[in-house]
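Number of protein chains: 2
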Amino acid sequence: MEKFELTRKYIKSIQKAIDRKDEKTILEKIDGLHPADVAEILDELDIDHGLIILQNMDGKRASDVIIELEDDIRALFLDRLSSQEIAEQLVENLDSDDAADVISELPEDKREEVISNIDDVEQASDIVSLLNYEEGTAGALMGKEMIWVSDDWTVKTAVKEMRRQAEQIDQVYTVYVVDANQKLLGRLPVKKLLTTPVKTRIGDVYREDIRVVKTWTPQEEVAQIMEKYDLVVLPVIDELGRLVGRITIDDVVDVIKEEAEKDYQLASGISSDVDQTDTVWQLTRARLPWLLIGMMGGMLSALVIGQYEHSIKLIPAMAFFIPLITAMAGNIGVQSSAIIVQGLANNSLELGGILPKLSKEFSVALLNGTVLSLIALVGSYFVFNDFQLGLTVSLALLTVIIVAALLGTFVPLMLDKYKIDPALATGPFITTLNDIIGLFIYFMIGQLIFTSL
Amino acid sequence: MEKFELTRKYIKSIQKAIDRKDEKTILEKIDGLHPADVAEILDELDIDHGLIILQNMDGKRASDVIIELEDDIRALFLDRLSSQEIAEQLVENLDSDDAADVISELPEDKREEVISNIDDVEQASDIVSLLNYEEGTAGALMGKEMIWVSDDWTVKTAVKEMRRQAEQIDQVYTVYVVDANQKLLGRLPVKKLLTTPVKTRIGDVYREDIRVVKTWTPQEEVAQIMEKYDLVVLPVIDELGRLVGRITIDDVVDVIKEEAEKDYQLASGISSDVDQTDTVWQLTRARLPWLLIGMMGGMLSALVIGQYEHSIKLIPAMAFFIPLITAMAGNIGVQSSAIIVQGLANNSLELGGILPKLSKEFSVALLNGTVLSLIALVGSYFVFNDFQLGLTVSLALLTVIIVAALLGTFVPLMLDKYKIDPALATGPFITTLNDIIGLFIYFMIGQLIFTSL
Numbered sequence: 001m002e003k004f005e006l007t008r009k010y011i012k013s014i015q016k017a018i019d020r021k022d023e024k025t026i027l028e029k030i031d032g033l034h035p036a037d038v039a040e041i042l043d044e045l046d047i048d049h050g051l052i053i054l055q056n057m058d059g060k061r062a063s064d065v066i067i068e069l070e071d072d073i074r075a076l077f078l079d080r081l082s083s084q085e086i087a088e089q090l091v092e093n094l095d096s097d098d099a100a101d102v103i104s105e106l107p108e109d110k111r112e113e114v115i116s117n118i119d120d121v122e123q124a125s126d127i128v129s130l131l132n133y134e135e136g137t138a139g140a141l142m143g144k145e146m147i148w149v150s151d152d153w154t155v156k157t158a159v160k161e162m163r164r165q166a167e168q169i170d171q172v173y174t175v176y177v178v179d180a181n182q183k184l185l186g187r188l189p190v191k192k193l194l195t196t197p198v199k200t201r202i203g204d205v206y207r208e209d210i211r212v213v214k215t216w217t218p219q220e221e222v223a224q225i226m227e228k229y230d231l232v233v234l235p236v237i238d239e240l241g242r243l244v245g246r247i248t249i250d251d252v253v254d255v256i257k258e259e260a261e262k263d264y265q266l267a268s269g270i271s272s273d274v275d276q277t278d279t280v281w282q283l284t285r286a287r288l289p290w291l292l293i294g295m296m297g298g299m300l301s302a303l304v305i306g307q308y309e310h311s312i313k314l315i316p317a318m319a320f321f322i323p324l325i326t327a328m329a330g331n332i333g334v335q336s337s338a339i340i341v342q343g344l345a346n347n348s349l350e351l352g353g354i355l356p357k358l359s360k361e362f363s364v365a366l367l368n369g370t371v372l373s374l375i376a377l378v379g380s381y382f383v384f385n386d387f388q389l390g391l392t393v394s395l396a397l398l399t400v401i402i403v404a405a406l407l408g409t410f411v412p413l414m415l416d417k418y419k420i421d422p423a424l425a426t427g428p429f430i431t432t433l434n435d436i437i438g439l440f441i442y443f444m445i446g447q448l449i450f451t452s453l
Numbered sequence: 001m002e003k004f005e006l007t008r009k010y011i012k013s014i015q016k017a018i019d020r021k022d023e024k025t026i027l028e029k030i031d032g033l034h035p036a037d038v039a040e041i042l043d044e045l046d047i048d049h050g051l052i053i054l055q056n057m058d059g060k061r062a063s064d065v066i067i068e069l070e071d072d073i074r075a076l077f078l079d080r081l082s083s084q085e086i087a088e089q090l091v092e093n094l095d096s097d098d099a100a101d102v103i104s105e106l107p108e109d110k111r112e113e114v115i116s117n118i119d120d121v122e123q124a125s126d127i128v129s130l131l132n133y134e135e136g137t138a139g140a141l142m143g144k145e146m147i148w149v150s151d152d153w154t155v156k157t158a159v160k161e162m163r164r165q166a167e168q169i170d171q172v173y174t175v176y177v178v179d180a181n182q183k184l185l186g187r188l189p190v191k192k193l194l195t196t197p198v199k200t201r202i203g204d205v206y207r208e209d210i211r212v213v214k215t216w217t218p219q220e221e222v223a224q225i226m227e228k229y230d231l232v233v234l235p236v237i238d239e240l241g242r243l244v245g246r247i248t249i250d251d252v253v254d255v256i257k258e259e260a261e262k263d264y265q266l267a268s269g270i271s272s273d274v275d276q277t278d279t280v281w282q283l284t285r286a287r288l289p290w291l292l293i294g295m296m297g298g299m300l301s302a303l304v305i306g307q308y309e310h311s312i313k314l315i316p317a318m319a320f321f322i323p324l325i326t327a328m329a330g331n332i333g334v335q336s337s338a339i340i341v342q343g344l345a346n347n348s349l350e351l352g353g354i355l356p357k358l359s360k361e362f363s364v365a366l367l368n369g370t371v372l373s374l375i376a377l378v379g380s381y382f383v384f385n386d387f388q389l390g391l392t393v394s395l396a397l398l399t400v401i402i403v404a405a406l407l408g409t410f411v412p413l414m415l416d417k418y419k420i421d422p423a424l425a426t427g428p429f430i431t432t433l434n435d436i437i438g439l440f441i442y443f444m445i446g447q448l449i450f451t452s453l
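Read top to bottom, the protein sequences are chains W and V. Those letters in the first sequence? Residues 1 to 453, per this note's numbering, in order. Those letters in the second sequence? Residues 1 to 453, per this note's numbering, in order.
These are calculated hints, taken from the structure and not from any lab test. Take these hints with a grain of salt, some might be off.
To give an idea of the chain W side of the interface with chain V (calculated C-beta under 8 Å), a few residues [said to hold, decoys possible]:
(1) T137
(2) A140
(3) R163
(4) A267
(5) G269
(6) S271
(7) I315
(8) T326
(9) G352
(10) I354
(11) L358
(12) I445
Derived CB-CB ranges, DEER-like [unchecked claim]:
(13) V:V280 with W:Q182: 20 to 30 Å
(14) W:E113 with V:S13: 51 to 61 Å
(15) W:D79 with V:S13: 55 to 65 Å
(16) V:K262 with W:E221: 33 to 43 Å
Just so it is clear, the structure is predicted and the values come from calculations on it, not from any experiment. For glycine and all other residues, C-beta sits at the position ideal for the given N, C-alpha and C.
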């Protein structure tokens, strides 16, 4: 099976089948599709059409589809289902971590109703314990479904017990070894089971080299660990070292993508997680705040330039290079801050404090600035045939480049030091700040040169 | 074991131990560390110190460390090793995909020398076949190490054969089922092995629901498939449907991160893959090209404004709002293009052509533009007490916002249509373009209003 390609034609034909209540065609259309594919179809349909498709699927498959829906679409579907339906048809078919995710998205009162409707006491208590972990921690990310064996069992007992546990689990990644107090001791590679005599004690063959996180480890750190050590699954322990859950790589891939996208969106001046399929209203709301910052910056810039109205009257050509100065200040600032933000996100900055990084950035800015200001000197002199103007633009550009680069490096490092997301410093924020400072520098140097030369 | 934290103190102490040839301390320091951690240490040391650490490790572990080094650092190490050392000490300890990666990084002549020095004929031929796949395809990403069984074997034969195969493989993810011609039929879940009688024919118990890619599938698509369907491993087939390799999630996590980082860097005006630890020279080279684009844009802007020198002489206040216009044009353009680029990267754009997307973007721009231009009207009127100026700024802003939004949406969509990376349209490129167009609009509207009112 290869990748499923959703087309407009496909959507139209399934809409038609639903409208004429042609259940056979509906079933044929979605038969054999992965739940993620069906979810993609539902994301494009309206809710009533979508509900009909779900009703035509069996409970387990319908539950898998609901998990794969986009958050805002899923909320619409959950809104249409009663607490009992959610508990009995949806939650009982899901892994504990997915079930907890769904329940945590419900309104408070419905949440409790759903939990009280779950028949399986063990599952209900798993879900309640998962709901207690703070969002963004390993505890909130983990699932309870895993296979574990005790160190004092024989391989034979272990295999028997594993068979029983495996029935409830889709995919076996790693078998964990715990002691009598459920304290995590290590892991038993699946291939060991294929190669060890059945009477061997687990305690004699398990491996201790296992990496763990605590329930309160932040999800960014979980992602870094799994990525760095190429892990597919990572066990989670509590304060007493007891095995309480496991995090699988697919959940972490989502975290990695979310983190990267958040930084990208902040750098592009989009404040919350939106994409092109959201409504005009959602898109506007996500973009307006940063535009207002840019607007305020533009007004402040107008006030700065206003102070030099006299210079502009005398030398209107001073105004010609305003966009050059602000554009370069902005570009340099964004470059510098992006390099720092990405370094912080990847945990790959050079060791040492802020000072060595600023001095390196100073060297880069000096190199770039020298090249660019020489070009500016020659360019502006030849085009406008005015040496004083050329000198002003060139000197201002060099100064602005260095200041913008240092600010672009300094601001995200400082934010990070005070536990504020450094990505906030990229994009519109750093450009606006550098615009204003750059204009100050430009007009100050201009005044100096034109009055003294 | 939790995450290893590299500190400057640690680096200093290991440097000292190496300098006084204190092998015992060196070994103590790195004992029990994951190869990825040792690689992190080596990234910080100079090459001679690093080589001494590698010489003190056993061959398998040293090989794993070399794979984990950053590309540029690894090149330095490989440069110090002879072809024979690379073949016999490094390559033979590696999985085929890692070995092919290392060899593909070598200079052409050394590459052949290394391959001719590999003793294991099977491994050598695996590597040669992997080297033939184009970079960026599934073939180049896959490894040869996997476990497969034939559909006409019994479970007992299969388990015996798997034990043999498993000895050479670190981690068992999925067992593939092939026919006599090595054509991929399906998969055998590990848990089935725990629950099926030993005399059953594999052909009767395997599952057909398996997702595959072709050797020539682009790596971006591989990543999308594994992400969407939450896969840990994905088999690769050739033109004849034969199983030729498998791709594991850890390699794909790297692809996902690289893709996201590339887009982020392009949007920030950094042209190649650099980070803060690179040299001043590398950083300058990666940043200068985009700055030159900004520079040219600034010069063109100067020429545009130069056409309106007369207006500026008459109404110097026109110059005050130049930064406001360019900043808003830039911010809007970056927002719009970022939303499109991210949508394309995630394959999550709404169905339908370019037109519906432009019309949605138009609505968003109209909403944002109305709010912002009203603020601009009130703000500029009250601060500068000039109705004509306020009207000019306000009308220009609305027009500029709409044009910039449409361009920001249109340009990346067109680039993508013609198979050019749409991320090229973000950042400095779109800001520069919008700056120039925005200034044209601003001064044209200004001339119109001041001469007609």
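Here is how each hint holds up against the structure:
The criterion of a C-beta within 8 Å of any C-beta in chain V is not met by W:T137, whose closest approach is roughly 15 Å, and the hint is violated. Contact between W:A140 and chain V, as hinted, is not supported at the beta carbon level, the nearest pair being about 18 Å apart and thus beyond 8 Å. Taking 8 Å as the C-beta contact cut-off toward chain V, the hint placing W:R163 at the interface holds, the least distance being around 5 Å. Interface restraint check: W:A267 against chain V, minimum CB-CB distance 6 Å, threshold 8 Å, status holds.
Proximity of W:G269 to chain V holds as hinted, the smallest CB-CB distance being about 5 Å (cut-off 8 Å). Among the interface hints, the one on W:S271 is violated; its C-beta lies about 10 Å from the nearest C-beta in chain V, farther than the 8 Å criterion. Interface restraint check: W:I315 against chain V, minimum CB-CB distance 10 Å, threshold 8 Å, status violated. A cut of 8 Å between beta carbons decides the hint on W:T326: the least distance to chain V is about 5 Å, and the hint holds.
Look at W:G352: its Cβ gets to within about 6 Å of chain V, closer than 8 Å, so that hint holds up. Hint status for W:I354: violated, given a least beta-carbon distance of 12 Å to chain V, over 8 Å. The restraint placing W:L358 at the interface with chain V is violated, with a minimum CB-CB distance near 11 Å, outside the 8 Å limit. Hint status for W:I445 relative to chain V: violated, with the closest Cβ pair at about 16 Å, above 8 Å.
Distance hint for V:V280 and W:Q182: a CB-CB separation of about 54 Å, inconsistent with the stated range 20 to 30 Å. Under the hint 51 to 61 Å, the C-beta atoms of W:E113 and V:S13, about 59 Å apart, fit the expected range. For the hinted restraint 55 to 65 Å between W:D79 and V:S13, the CB-CB distance of approximately 60 Å keeps it satisfied. The beta-carbon spacing between V:K262 and W:E221, approximately 24 Å, falls outside the hinted interval of 33 to 43 Å.
Of the hints listed earlier, those the structure fails to meet are numbers 1, 2, 6, 7, 10, 11, 12, 13 and 16, in rising order.
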